[in-house]
Amino acid sequence: MAEIVGIFAASHTPVMLQFPDAIPARDREEVFAAFRAIGKDIATARPQALVILSDDHLHNFFLSNLPAICVGAAEQYPTPVEHWLKAEKRVLPGDANLGAYLLTKALESDFDPALSMELTLDHGVLTPLELAGVAQDIPLVPILFNCVQPPLPTMRRCYRFGKWLGKALRAYERVERIAVIATGGISHDIATPRMGMVNEKFDRELLRLLEAADADGAVRFATDHVSEAGNGAEEIRMWLAAMGCADARPFRIRYYRAVHDWYTGIALGTWGAG
Amino acid sequence: MSNWRQSMPTGEAYWLDKVLYELHHKPDDLEQFRKDANAYLERYPLTAKMKAAIVENDVAALYLSGVNPYLLRAHCIGMRIPEALSLAALRRAGETSNG
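These protein sequence lines are chains G and Z, in that order. For the first sequence, the numbering used here begins at 402 and goes up steadily by one. For the second sequence, the numbering used here begins at 45 and goes up steadily by one.
There's no promise every hint is true.
Said to hold, decoys possible - The calculated DSS-like cross-link candidates involving lysine-lysine, where the alpha carbons are at most 25 Å apart (straight line), are:
no. : chain 1 : residue 1 : chain 2 : residue 2
1   : Z       : Lys-93    : Z       : Lys-79
2   : Z       : Lys-70    : G       : Lys-490
3   : G       : Lys-506   : G       : Lys-564
4   : Z       : Lys-70    : G       : Lys-487
Derived by calculation from the structure, the hints in this document are not laboratory data.
So that you can see chain G by itself, here it is in the shape it has in the complex:
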């Protein structure tokens, strides 16, 4: 039986790598230090596998075939898929056995994620791992939620999937230590007239509900108010899934700042071991 040795959440945006100088050096250093601190926690937890909850920004998936949720089960993941992203091309290790286990168990439990053994991961996975300094170290299982092209899976469904995921991971027998990181959000708008406007009030309320371990409240708030926080805020689906995974353990905010010139409310936090 595996232990979930840590559950983490962190915002991601390609501009962190693409346009780092768009914000003052002091702010940038503060954000990057917060990522390094999370990276240190991940390393200290010594996971043998890292499940990363993220989204594909229409690189692997297109309108030809767009899964609501997709579980990766590959032995390796080339990255980045964006030809323009300022990031070193490399291949990240995957835990194909854990991915296959999760796919099988999910279908047995009446969830229907898509399977992929051919993902070239984008900035949504790479940015947080790179900034945390843990890319390359730990075999990954990417789980990608559709947050980018409606119709989208409901907030409640993503929370419930996360809750199921926590149970499935704890029942896994081939490794002993697994960490989970959710990435995306919080408030931001991509390629709309609102781009650059961060809804700090939304972000702080969501974080408060996570701290209070109020799952019903968080799901309801996310469902009712996501449209006030921008299309990028749809990515809080992964935070809700991580909350489900944490199974009512309280959340601790490690960092928050509304970074307007990176267009994003940037938060990082942890749920601790259990």
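Add chain Z to chain G, keeping to what the hints say.
Here is chain Z on its own, set in the frame of chain G:
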């Protein structure tokens, strides 16, 4: 208020999305597009207006046509459209669509 201009892509948005997707994922497409954008776009069933929006990097028109925002964003970065220009175009598009 919604985060999305379209709850499902229209037929026209689909083809625009397809262009923006293929340009940045198929191996030779970007080069062909840069060489002769109009010739490249011949292969897609787009109106002259939509072809012009792509050729002229008209971010406002693309936004208003309902293209997927992530494809539009990646296209702006991939085509190296200056950030200030894209942002100004999007703000302008917002005023158009509200007015």
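I'd like to know which numbered hints this structure contradicts. Please list them from smallest to largest.
none
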